[in-house]
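**Q** Each chain, written out:
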Amino acid sequence: MIRLHNVSKTYQLKGRRDGVARSVQALKQVDFHVPAGQIHGVIGLSGAGKSTLIRCVNLLERPTTGTVTVDGRELTGLSRQALNQARHGMGMIFQHFNLLTNRTVFANVALPLELMGMPRSEIRSRVTPLLELVGLADKASQHPAQLSGGQKQRVAIARALASRPKVLLCDEATSALDPQTTGSILALLRDINQQLGLTILLITHEMEVVKSICHRVSLISDGELVEEAEVGDFFTSPSTHLGREFLNDFLKLEPPRALIERLEESPGPHTHPVVRLAFRGDAVAAPLVSRLARECGVDVSILQAKVESIQERTLGLMIAELMGPAAKTREALDYLESHDLKVEVLGHVQRDA
Amino acid sequence: MSSAMLELILKATLDTLYMVGISGVISALAGIPLGVLLYVTRPGQVLAQPVLNSVLGIVTNIGRSIPFIILMVAIIPFTRMLVGTSIGTNAAAVPLTIAAIPFIARLVEGALNEINPGLVEAAQSMGATPWQIIHKVLLPEARGGIFTALTVTIVTLVSYSAMAGAVGGGGLGDLGIRYGYNRFNPTIMLITVAILVVMVQGFQSLGDYLVRKSDHK
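First to last, the protein sequences are chains A and B.
Following the UniProt record's numbering, the numbering of the first sequence begins with 1 at its first residue and continues without gaps.
Following the UniProt record's numbering, the numbering of the second sequence begins with 1 at its first residue and continues without gaps.
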C-alpha cells in the first residue's frame with residue numbers, strides 16, 4: 001500500500017561558509033513497504049529523520065531522490081492537481097492536532113470534504129457518523145479550545161478519516177498526551193485499523209506505542225532504516241545495538257550497575273557467565289530454572305526478571321548468573337538454547353567476587 | 001453657543017466620519033489582499049514567489065515611510081485626476097486611502113504570521129489548493145487579528161483625517177484648528193477634541209467586540 005523506494009532527502013542549509021553550501025542529509029536511501037491493512041511503526045530518537053520520513057509519504061516534504069508509491073500510484077511525478085487528488089486518499093494526524101481554532105468540531109471534520117467540493121447535505125451525513133465513531137457526537141458544536149488533548153486528537157482522527165482514505169499517517173500522534181489518554185487513542189486507532197482495514201503508518205519515539213498497536217516496526221537512526229522486524233521479534237531479540245537500547249530502556253532491564261562494572265568480556269578460569277534469557281511461547285510457562293538446577297547441576301541466581309505481554313504474545317526476560325563449573329555452565333547454555341530460549345551471554349564475573 | 005456653530009460641529013463630525021468611512025472601506029478592500037499576498041508569497045509559503053515578495057515588501061515600506069502630510073500634498077495631481085478636485089472631503093479621502101493600504105497590509109501580514117504553520121500543513125495533507133488554504137484556513141484563522149488590524153487602522157485614520165484640513169479637507173481637525181486655534185475659541189477646541197475621543201473610543205469598543213465574537217482561540 002505504501003512503498004518508498006530509494007528515498008533520500010537533503011536539506012540545503014542557508015548560511016554559506018567559505019563559499020561552500022552546507023547540507024544535511026535527513027534521509028538516506030530509505031526503502032520500505034507497508035502492506036495493506038498493516039500498522040507499521042517507525043521508531044527513532046528525535047532528529048533521526050522520522051518526521052521527514054512520514055512527510056515524504058504524502059509529499060509534504062519532497063524527496064530529493066527516490067519514488068513514493070501509495071495505493072499503486074507513484075506520487076513524485078504527479079501534477080499539483082493530481083497530487084491533491086491523491087492526498088484525499090491519505091489521512092494524517094499530528095502531534096499537536098492542528099485543528100482550526102475558529103471552526104467547530106463539526107466544521108473541522110467537514111473541512112477535508114469541503115476541500116473535495118462535496119455538497120453540504122452529503123457532508124452532514126458523512127460527518128455525524130464519524131463523530132459517533134470517535135465518541136464526540138455531543139461536542140459537534142464546540143470549538144477545539146473547549147476540548148481536552150485526547151478529545152482534540154479524536155477530532156483530528158475523525159477529520160483524517162472523513163475523506164475515507166486507505167492510508168492513515170500518524171506523526172507522533174500520542175506524544176503530547178498523558179499515558180491514559182494515549183491508551184485510549186491507540187485503542188481507537190486499532191479499532192479503525194480492524195474495522196475499516198485502514199493501513200496505518202505511525203512514527204513515534206515511544207516503545208509503548210509500538211508494543212500496543214504495531215504489527216511491524218522499523219528502527220530509524222541518522223536518516224537510515226537500520227532494522228525492521230515483526231513487533232514480537234523486535235521485542236524479544238532486536239538485532240541492532242540501538243534496538244537493544246530502546247528495548248532495555250523500555251523494559252528497564254539492565255544488569256545492576258555494580259555487576260556491569262565487574263563484567264569481563266572473556267571467561268577466565270574462575271568466572272561465571274551472566275546471561276540474558278528471552279523466552280516466549282511455551283517456554284514462559286515451563287519451570288526452566290529449577291530444571292536447570294536439577295538436570296545440569298547449575299545454580300541460577302536471578303538478577304532481574306520481567307514478564308511482558310506484547311500484543312497476543314507473552315515475553316519473559318531474565319538476567320541471571322549461572323553458577324557452576326565451566327563445563328556445567330556450558331552444558332546449561334546448550335540446554336537453554338535447545339529449549340527455544342534466546343540466550344545472550346552478557347559477560348563473565350569472577351566466581352568469588 | 002449659536003445654532004450655526006452647532007451646525008458647523010455636526011457637519012465637521014459627519015465629514016470626519018465620511019472620510020474615515022470611505023478610506024477605511026477602500027483601504028481594507030485593497031490592504032487585506034495585499035497583506036495576504038505579502039504573506040503567501042514569502043519563501044516557503046503556499047505561493048512562494050521570492051522576487052514578487054521583495055518587490056511588494058519594498059513598495060509597502062515606501063508607502064509606510066512617507067509622512068502623511070507630505071504624501072497628501074505630493075499626490076495632489078493624482079487626487080485631482082481621480083476625484084476631479086484637490087480640496088474637500090473626497091480629495092482628502094484619496095491620500096488617506098493610499099496611506100492606509102500599506103498600513104493594513106503589514107498588520108494583516110502580521111496577523112497571518114501568528115497562525116500555527118501546522119494548520120497549513122494539515123490542510124496541505126488534505127489536498128487543499130493554495131486558494132483553499134487562503135480562504136478556508138488563513139483568513140478564518142486570522143479573523144480576530146484582521147479585526148484588530150482594521151480597528152487600529154480606523155483609529156489611525158481618525159487622527160490622520162484631522163490633518164486633512166491642510167488641503168481644505170474639512171472635518172473635526174480642520175474645525176478645531178480654524179475656530180479653536182486661529183480664532184482663540186477654546187470651547188470649540190475642547191468640543192472637537194471631545195468628539196474625536198468619543199469617536200475613537202467607539203471604534204475601539206466596536207473592534208474589540210468583533211474580535212471577541214470572531215475568535216475562538
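Derived from the structure by calculation, the hints contain no laboratory data.
Where is the CB? At the ideal position from N, CA and C, for every residue including glycine.
Check each hint, because a few of them may be wrong.
As the list claims (entries may be wrong) - Straight line, CA to CA, 20 Å or less: simulated EDC-like cross-link-like pairs of lysine to aspartate or glutamate:
#: 1; chain 1: B; residue 1: K136; chain 2: A; residue 2: E337
#: 2; chain 1: A; residue 1: K252; chain 2: A; residue 2: E295
#: 3; chain 1: B; residue 1: K136; chain 2: A; residue 2: D233
#: 4; chain 1: A; residue 1: K342; chain 2: A; residue 2: E224
#: 5; chain 1: A; residue 1: K139; chain 2: B; residue 2: D215
#: 6; chain 1: A; residue 1: K306; chain 2: A; residue 2: E245
#: 7; chain 1: A; residue 1: K328; chain 2: A; residue 2: E344
#: 8; chain 1: A; residue 1: K28; chain 2: A; residue 2: E344
#: 9; chain 1: A; residue 1: K328; chain 2: A; residue 2: E295
Unchecked claim - Label pairs and their computed distance ranges (CB to CB):
#: 10; chain 1: B; residue 1: I58; chain 2: A; residue 2: T240; range: 50 to 56 Å
#: 11; chain 1: A; residue 1: E337; chain 2: B; residue 2: P117; range: 52 to 58 Å
#: 12; chain 1: B; residue 1: P117; chain 2: A; residue 2: D138; range: 51 to 57 Å
#: 13; chain 1: A; residue 1: L45; chain 2: B; residue 2: I58; range: 55 to 61 Å
#: 14; chain 1: B; residue 1: P33; chain 2: A; residue 2: Q25; range: 36 to 42 Å
#: 15; chain 1: B; residue 1: V152; chain 2: A; residue 2: E74; range: 48 to 54 Å
#: 16; chain 1: A; residue 1: D334; chain 2: B; residue 2: G118; range: 52 to 58 Å
#: 17; chain 1: B; residue 1: I58; chain 2: A; residue 2: S141; range: 30 to 36 Å
#: 18; chain 1: B; residue 1: V152; chain 2: A; residue 2: P119; range: 37 to 43 Å
Claimed, not checked - Selected chain A positions facing chain B (Cβ under 7 Å, derived; list incomplete):
#: 19; residue: N58
#: 20; residue: N84
#: 21; residue: R87
#: 22; residue: H88
#: 23; residue: N98
#: 24; residue: T101
#: 25; residue: P112
#: 26; residue: L115
#: 27; residue: G117
#: 28; residue: M118
#: 29; residue: H143
**Q** Now tell me, hint by hint, if it's right for this structure.
**A** Each hint tested on the structure:
1. With a CA separation close to 62 Å, the supplied pair K136/B and E337/A exceeds the 20 Å bound.
2. A C-alpha spacing of about 31 Å is found between K252/A and E295/A, which places the hinted pair above 20 Å, so the restraint is violated.
3. In summary, the hint linking K136/B to D233/A is not supported, as the alpha carbons are separated by about 46 Å, beyond the 20 Å threshold.
4. Annotation: proposed proximity of K342/A to E224/A is violated, straight-line Cα distance about 27 Å (limit 20 Å).
5. Taking the CA atoms of K139/A and D215/B, the gap is about 18 Å. The hint holds against a cut of 20 Å.
6. Distance hint between K306/A and E245/A is fulfilled; the C-alpha atoms sit about 16 Å from each other, no more than 20 Å.
7. About 17 Å separates the Cα atoms of K328/A and E344/A, which keeps this hinted pair within 20 Å; it holds.
8. Using a Cα cut-off of 20 Å, the hinted pair K28/A and E344/A is violated, with the two alpha carbons roughly 31 Å apart.
9. Between K328/A and E295/A, the direct Cα distance comes to roughly 10 Å. Compliance with the 20 Å bound is thereby established for this hinted pair.
10. I58/B and T240/A have their C-beta atoms about 54 Å apart, which keeps the hinted 50 to 56 Å range intact.
11. Look at E337/A against P117/B: about 54 Å separates their beta carbons, and that is inside 52 to 58 Å.
12. Checked against the hint of 51 to 57 Å, the pair P117/B and D138/A fails, with Cβ atoms roughly 31 Å apart.
13. The beta-carbon spacing between L45/A and I58/B, approximately 44 Å, falls outside the hinted interval of 55 to 61 Å.
14. One distance hint, 36 to 42 Å for the beta-carbon pair P33/B and Q25/A, holds here, with the actual separation near 40 Å.
15. At roughly 50 Å, the beta-carbon separation of V152/B and E74/A lies within the given 48 to 54 Å, and the hint holds.
16. The supplied range of 52 to 58 Å is met by D334/A and G118/B, whose beta-carbon atoms lie about 56 Å from each other.
17. For the pair I58/B and S141/A, the beta carbons lie near 46 Å from each other, so the given range of 30 to 36 Å is not met.
18. Distance hint for V152/B and P119/A: a CB-CB separation of about 40 Å, consistent with the stated range 37 to 43 Å.
19. Annotation: N58/A was flagged as interfacial toward chain B, and the flag holds, the nearest CB pair being 6 Å apart, inside 7 Å.
20. Because the smallest distance between the Cβ of N84/A and any Cβ of chain B comes to about 4 Å, under 7 Å, the interface hint for this residue holds.
21. The closest approach between the C-beta of R87/A and any C-beta of chain B is roughly 4 Å, which is under the 7 Å cut-off, so the hint is satisfied.
22. Because the smallest distance between the Cβ of H88/A and any Cβ of chain B comes to about 5 Å, under 7 Å, the interface hint for this residue holds.
23. Among the interface hints, the one on N98/A holds; its C-beta lies about 4 Å from the nearest C-beta in chain B, closer than the 7 Å criterion.
24. Interface hint status for T101/A: upheld, as the beta-carbon distance to the closest one in chain B is roughly 5 Å, under 7 Å.
25. Annotation: interface hint on P112/A holds; nearest CB of chain B at approximately 4 Å, less than 7 Å.
26. Because the beta carbon of L115/A sits about 5 Å from the nearest beta carbon in chain B, less than 7 Å, this interface hint is met.
27. The interface hint given for G117/A is violated, since its Cβ lies 10 Å from the closest Cβ of chain B, which is over the 7 Å cut-off.
28. At about 12 Å, the closest approach between the beta carbon of M118/A and any beta carbon in chain B exceeds 7 Å, and the interface hint on this residue is violated.
29. Because the closest C-beta pair between H143/A and chain B is about 4 Å apart, less than 7 Å, the hint holds.
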